[in-house]
Amino acid sequence: MITSIRSGLIFIILITILTGCGGLSDKEEQDYYQRAIPIGQEYFKKYYDVEVEFTEFYINIPMSSTMVLKGYPKGDPQTKISLSFYLPSLEIETAGGSGEFIEKRKREAEVNSK
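With this note's numbering applied, the sequence shown corresponds to residues -11 to 102, in that order.
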């Protein structure tokens, strides 16, 4: 009886420790957000010729190592865009938005020729 209670408590403690240690602190999340904003703005300027305003973000840790910025092109708040990054490198993974907006993306050859 005592060994089963002890085993149960150890199991609960392990689960608590493992789930509690998987995230980032609020300060770390804000640091990533502040570092990602200029990267995202440069990306949309380079590939879409638009300036963007990022309004929110979320970080998918511990489920995956990604961060997503959400926002809109300046002057067009109805067009929603998003940009996801790998963490901790802040390498851009994918861009998202309405089909009409995403179809305007410049090709690599077009971007690299400038």
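It is possible that some hints are incorrect.
[Unchecked claim] Here are the simulated DMTMM-like pairs of lysine to aspartate or glutamate, each with C-alpha atoms no more than 25 Å apart in a straight line:
1) K34 to E79
2) K34 to D19
3) K92 to E81
4) K68 to E41
5) K58 to E81
6) K92 to D19
7) K62 to E96
8) K92 to E16
9) K15 to E81
10) K94 to E79
11) K68 to E30
12) K58 to E96
13) K34 to E81
14) K15 to D64
15) K15 to E30
16) K34 to D14
17) K58 to E79
18) K62 to E88
19) K58 to E88
20) K33 to D14
21) K33 to E91
22) K68 to E88
23) K92 to D64
24) K15 to E88
25) K94 to D64
26) K68 to E79
27) K62 to E81
28) K62 to E44
29) K68 to D37
30) K15 to E44
31) K15 to D37
[Unchecked claim] Derived DEER-like restraints, expressed as beta-carbon distance ranges:
32) Q18 to A97: 35 to 43 Å
33) K34 to D64: 15 to 23 Å
34) I(-2) to T43: 31 to 39 Å
35) I(-2) to P26: 40 to 48 Å
36) S101 to P65: 29 to 37 Å
37) Q22 to N100: 22 to 30 Å
38) Y21 to S(-5): 39 to 47 Å
Hints listed in this document are in silico derivations from the structure and should not be mistaken for laboratory results.
Ideal Cβ placement from N, Cα and C applies to all residues, glycine included.
Hint check results:
1. Proposed proximity of K34 and E79 is supported: the alpha carbons are some 15 Å apart, at most 25 Å.
2. For the hint pairing K34 with D19, the CA-to-CA distance comes to about 24 Å; that is within 25 Å, so the pair holds.
3. For the given pair, K92 sits about 18 Å from E81 by alpha-carbon distance, which is consistent with the 25 Å threshold.
4. About 10 Å separates the Cα atoms of K68 and E41, which keeps this hinted pair within 25 Å; it holds.
5. Restraint check: the Cα-Cα separation between K58 and E81 comes to about 14 Å, which is no more than 25 Å; the hinted pair holds.
6. The suggested pairing of K92 with D19 is violated, with an alpha-carbon distance near 31 Å, which exceeds 25 Å.
7. Restraint check for K62 and E96: the C-alpha separation of about 24 Å stays at or below 25 Å, so the hint holds.
8. Between the alpha carbons of K92 and E16 the distance comes to roughly 34 Å, so the proposed pair goes past 25 Å and is violated.
9. The suggested pairing of K15 with E81 holds, with an alpha-carbon distance near 23 Å, which does not exceed 25 Å.
10. Our distance criterion of 25 Å between C-alpha atoms is met by K94 and E79, whose separation comes to about 19 Å.
11. Proposed proximity of K68 and E30 is supported: the alpha carbons are some 17 Å apart, at most 25 Å.
12. For the given pair, K58 sits about 23 Å from E96 by alpha-carbon distance, which is consistent with the 25 Å threshold.
13. The hinted pair formed by K34 and E81 meets the criterion: a straight-line CA distance of about 16 Å does not exceed 25 Å.
14. In summary, the hint linking K15 to D64 is not supported, as the alpha carbons are separated by about 30 Å, beyond the 25 Å threshold.
15. The straight-line distance between the Cα atoms of K15 and E30 is roughly 24 Å, inside the 25 Å bound, and the hint therefore holds.
16. In summary, the hint linking K34 to D14 is not supported, as the alpha carbons are separated by about 30 Å, beyond the 25 Å threshold.
17. Using a Cα cut-off of 25 Å, the hinted pair K58 and E79 holds, with the two alpha carbons roughly 16 Å apart.
18. Pair hint K62 plus E88 holds up; C-alpha atoms about 16 Å apart against a cutoff of 25 Å.
19. Annotation: proposed proximity of K58 to E88 holds, straight-line Cα distance about 17 Å (limit 25 Å).
20. A distance of roughly 29 Å separates the Cα atoms of K33 and D14; the hinted pair therefore is violated under the 25 Å criterion.
21. Simply put, K33 and E91 have alpha-carbon atoms about 15 Å apart, close enough for the 25 Å limit, and the pair holds.
22. Note on K68 and E88: the hinted pairing holds, with a Cα-Cα distance of about 11 Å set against a maximum of 25 Å.
23. Of the supplied pair hints, the one linking K92 and D64 holds, its CA atoms being roughly 15 Å apart against a limit of 25 Å.
24. For a cut-off of 25 Å, the pair hint linking K15 to E88 is broken: about 36 Å separates their Cα positions.
25. Taken as a hint, the K94 and D64 pair is honoured in the structure, with Cα atoms around 20 Å apart against an allowance of 25 Å.
26. Taking the CA atoms of K68 and E79, the gap is near 21 Å; set against the 25 Å cutoff, the hint holds.
27. For the given pair, K62 sits about 22 Å from E81 by alpha-carbon distance, which is consistent with the 25 Å threshold.
28. Under the criterion of a C-alpha separation no larger than 25 Å, the hint pairing K62 with E44 is consistent with the structure, at around 15 Å.
29. Simply put, K68 and D37 have alpha-carbon atoms about 16 Å apart, close enough for the 25 Å limit, and the pair holds.
30. Restraint check for K15 and E44: satisfied, since their Cα atoms lie roughly 15 Å apart, inside the 25 Å limit.
31. Taking the CA atoms of K15 and D37, the gap is about 32 Å. The hint is violated against a cut of 25 Å.
32. Checked against the hint of 35 to 43 Å, the C-beta distance between Q18 and A97 comes to roughly 37 Å, which is consistent with it.
33. Hint check: K34 to D64, Cβ distance near 18 Å, so the stated range 15 to 23 Å holds.
34. Under the hint 31 to 39 Å, the C-beta atoms of I(-2) and T43, about 44 Å apart, miss the expected range.
35. Checked against the hint of 40 to 48 Å, the C-beta distance between I(-2) and P26 comes to roughly 46 Å, which is consistent with it.
36. Hint check: S101 to P65, Cβ distance near 32 Å, so the stated range 29 to 37 Å holds.
37. Checked against the hint of 22 to 30 Å, the C-beta distance between Q22 and N100 comes to roughly 28 Å, which is consistent with it.
38. Separated by about 42 Å at the C-beta atoms, Y21 and S(-5) satisfy the suggested range of 39 to 47 Å.
Hints 6, 8, 14, 16, 20, 24, 31, 34, counting from the list given before, are not met by this structure.
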